[in-house]
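Visitor: Next come the chains, spelled out residue by residue.
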Amino acid sequence: MNQPLIEFKDAAKQFGRQRVLDGVNLSIYSGEITTIIGKSGVGKSVLLKHMIGLMEPDKGQVLFNGQPLNGLKTIERKAVMRKFSYMFQEAALFDFLTVYENVALPLQERTALNEDEIRQRVKGKLKQLDLQEIDAKYPSQISGGMKKRVALARALVTAPEVILFDEPTTGLDPIRKNAVHSMIADYQKRYGFTAVIVSHEIPDVFFISQRVAMIEGGRILFEGTPRDIQRVANPAVKEFIQGLESPHDDLTGIASQAMGRRRLRQEMNRLQRREIPFSIVLLSVENMEDLDRIAGHMASQTMFKTFANVVEQNIYMTDTCFRYDMNKIMVVLPDTDANQARMFCQKLSRNLELDALLEESDSAQGVCFLINAGVSQAHKDSRLEQLLDEVESRQNFFYECKLQALAAEHPYADK
Amino acid sequence: MDLLVTLKNPLVTLGNRTLGVIAELGRVTVFFFKGLALIFVVPFQVSKIMQQIYFIGLKSLFVICLTAAFTGMVLGIQGYHTLVKYGSTGALGSAVALSLVREMGPVMTAIMIVARAGSSMAAEIGIMRISEQIDALQTMDINPIRFLVSPRLAAAFVSFPLLTALFDVVGIFGGYLTGSVLLGINPGLYFSRVETSVGMADVTGGFVKSIVFAVVVATICCYQGYYTHTREEFGAKGVSLSTTSAVVLSCVLILIADYVMTSFLL
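In the order they appear, the protein sequences are chains A and B.
Just so you know, we're using this note's numbering here: the first sequence kicks off at 1 and counts up by one.
Just so you know, we're using this note's numbering here: the second sequence kicks off at 1001 and counts up by one.
Same shape as in the complex, but just chain A (with noise of 0.2 angstroms):
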């Protein structure tokens, strides 16, 4: 792999007689999504603070381009530094300037822009994180949820090359922790900063991370990426992995991911013990950055619950559905073969009530909700993960469902 952006090497700090971090090892690569999970109170935060070089370690090293911080000149140090953002838990906004203030604060007093462009910019961000209209407003006169929006608008308006969340979904409803989520991940796309998440949101976080990290005991236990995560032995990440995870999906309240591998895990042992056929079929709402664009990140998520609720609604009792991914929903149809199954999706296309999508958002009028189906029946011989391989590939593609939501004429899709 490629040289680290920022490593850590035997990093130890202590405060008083704590010792907090006790020799981390860890790399945060560039352009990627990282999320550092554990428990509360394990040094996490300390994590990001060393990056930023809010912290220095007492002892061992933290490398920003394999070049040890503590060793910059001051110059070269404010030179690095410029390039991060940083998110803070509580938001940390200046009580004493309003939205628009927060936002322009870092434009003014770190670039060279006249007030003109400053004005450009920060109004353009505060558009896009739809905070226009309290622009006006002090951080004490708004909610919580905004403050987070807030914050992550002054994080992104210098267009830095790394950002660090510090527990960025805390505190949020479902439907905005995933649209906070969706923000993060559709940025990160578009502007290809790298982003540390620090996070107890499991397993929502692991859909928009490339990696993932777990700190325990001052050391990082864990390293790799989210689905290596799932599988690992070693019985304290397993242990607080499983601790975290709720047979509910957040925000759709159909079962989560955790549940619906639990049961497709049951699937297989039922077909290679007794011959019981089963398929499933992987749900994907294609075009969701562009819904993102035009509806809004919010809305964009209503939209999706309220499709996973339609799905519930037409699957049988036997039948389970899953939150498999950020934009996708996974159904496990047992006794099912893959004729059958795309019944069941020719069936699901015809029962979507396309207006319920929609009528949640007036911005989302006009938007086409595009879904692809993909389609795969387990085999005796087939092992779980080629299975969803398969059908996340789409190589067995038997049908493809796209909805053009709101086109009147043509109110659910044809083959």
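The set of hints was computed from the structure by calculation and includes no laboratory data.
Note that the structure is predicted; figures quoted are calculated from it, not measured.
Please note that the accuracy of each hint is not assured.
Derived pair list, reagent style DSS-like, types lysine-lysine, alpha-carbon separation capped at 27 angstroms [stated by the list, open to error]:
{"no.": "1", "chain 1": "A", "residue 1": "K73", "chain 2": "B", "residue 2": "K1034"}
{"no.": "2", "chain 1": "A", "residue 1": "K78", "chain 2": "A", "residue 2": "K49"}
{"no.": "3", "chain 1": "A", "residue 1": "K78", "chain 2": "B", "residue 2": "K1237"}
{"no.": "4", "chain 1": "A", "residue 1": "K347", "chain 2": "A", "residue 2": "K328"}
{"no.": "5", "chain 1": "A", "residue 1": "K137", "chain 2": "A", "residue 2": "K127"}
{"no.": "6", "chain 1": "B", "residue 1": "K1034", "chain 2": "A", "residue 2": "K147"}
{"no.": "7", "chain 1": "A", "residue 1": "K78", "chain 2": "A", "residue 2": "K137"}
{"no.": "8", "chain 1": "B", "residue 1": "K1048", "chain 2": "A", "residue 2": "K137"}
{"no.": "9", "chain 1": "B", "residue 1": "K1237", "chain 2": "A", "residue 2": "K147"}
{"no.": "10", "chain 1": "A", "residue 1": "K83", "chain 2": "A", "residue 2": "K59"}
{"no.": "11", "chain 1": "B", "residue 1": "K1034", "chain 2": "A", "residue 2": "K49"}
{"no.": "12", "chain 1": "A", "residue 1": "K39", "chain 2": "A", "residue 2": "K49"}
{"no.": "13", "chain 1": "A", "residue 1": "K123", "chain 2": "B", "residue 2": "K1048"}
{"no.": "14", "chain 1": "A", "residue 1": "K78", "chain 2": "A", "residue 2": "K59"}
{"no.": "15", "chain 1": "B", "residue 1": "K1048", "chain 2": "B", "residue 2": "K1059"}
{"no.": "16", "chain 1": "A", "residue 1": "K137", "chain 2": "B", "residue 2": "K1059"}
{"no.": "17", "chain 1": "A", "residue 1": "K238", "chain 2": "A", "residue 2": "K127"}
{"no.": "18", "chain 1": "A", "residue 1": "K78", "chain 2": "A", "residue 2": "K39"}
{"no.": "19", "chain 1": "A", "residue 1": "K49", "chain 2": "A", "residue 2": "K189"}
{"no.": "20", "chain 1": "A", "residue 1": "K83", "chain 2": "A", "residue 2": "K9"}
{"no.": "21", "chain 1": "A", "residue 1": "K73", "chain 2": "A", "residue 2": "K59"}
{"no.": "22", "chain 1": "B", "residue 1": "K1237", "chain 2": "A", "residue 2": "K49"}
{"no.": "23", "chain 1": "A", "residue 1": "K83", "chain 2": "B", "residue 2": "K1034"}
{"no.": "24", "chain 1": "A", "residue 1": "K83", "chain 2": "A", "residue 2": "K123"}
{"no.": "25", "chain 1": "A", "residue 1": "K73", "chain 2": "A", "residue 2": "K189"}
{"no.": "26", "chain 1": "A", "residue 1": "K49", "chain 2": "A", "residue 2": "K59"}
{"no.": "27", "chain 1": "A", "residue 1": "K347", "chain 2": "A", "residue 2": "K189"}
{"no.": "28", "chain 1": "A", "residue 1": "K83", "chain 2": "A", "residue 2": "K73"}
{"no.": "29", "chain 1": "A", "residue 1": "K123", "chain 2": "A", "residue 2": "K137"}
{"no.": "30", "chain 1": "A", "residue 1": "K49", "chain 2": "A", "residue 2": "K73"}
{"no.": "31", "chain 1": "A", "residue 1": "K39", "chain 2": "A", "residue 2": "K123"}
{"no.": "32", "chain 1": "A", "residue 1": "K127", "chain 2": "A", "residue 2": "K83"}
{"no.": "33", "chain 1": "A", "residue 1": "K78", "chain 2": "B", "residue 2": "K1048"}
Between beta-carbon pairs, the in silico distance windows are [stated by the list, open to error]:
{"no.": "34", "chain 1": "B", "residue 1": "V1203", "chain 2": "A", "residue 2": "A159", "range": "53 to 63 angstroms"}
{"no.": "35", "chain 1": "B", "residue 1": "T1082", "chain 2": "A", "residue 2": "Q108", "range": "52 to 62 angstroms"}
{"no.": "36", "chain 1": "A", "residue 1": "L244", "chain 2": "B", "residue 2": "P1043", "range": "17 to 27 angstroms"}
{"no.": "37", "chain 1": "B", "residue 1": "V1158", "chain 2": "A", "residue 2": "Y29", "range": "51 to 61 angstroms"}
{"no.": "38", "chain 1": "B", "residue 1": "V1248", "chain 2": "A", "residue 2": "D228", "range": "55 to 65 angstroms"}
Quick reminder that beta carbons are idealized off the backbone N, C-alpha and C, glycines included.
Let chain A serve as the given structure and place chain B on it in line with the hints.
Guide: Chain B alone, transformed into the frame defined by chain A:
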């Protein structure tokens, strides 16, 4: 445990405390000089300094006028009743004016500003510290001392002498109210005594004092707020302790500095 150590070895405790105080003094001094130097870093923070002058100076006008009037009136009554024993009530103008210009003006003004603006400086900066706003400034590569402390220091340098001058004038009129209007001293005599007795050296001395008090008050109050997080108490308790220490320490240091300067000036 601490008590046991203190009892067992009082000299060690005394030594440690003294070293602690000296180290703290050093930190406060460095803090002040950083704040002072950063006032002159371009671009000048004119609008922030004006805002602080408005907050420390203009918003204190009423309180300063009120206290100045009553201080002058009390000096008038007390002075009259003392001087009448010696048959020299005509010297009331001198007594009131000199007490005000040399001592009462700078000291009372400084103490009133501590009560009104100093406490809020400490609390405001303290809250910014505990709510990570100061860390946020650092992550944006904005020097928090330049952003928060320098404008307050600059504003204190402007506001303290001006408010002291106002205090002196209003106080002299307060003395006139009780001395002349209530107790019947000739107004012409009162004001001519004021004019003849107050020399330029008295006025300059008063201003020097007010500048020193500005340094003491702005530095102590900002410092206490800025380092709220280093206290043993956290959160709101920490901020309240910082504010209390800022007020108490500022007032004590104003009186000590006043004594030291008076010894040198006279």
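Visitor: Find the hints from earlier in the document that the structure breaks and name them by number, from lowest to highest.
Guide: 3, 6, 7, 17, 18, 25, 27, 31 and 36
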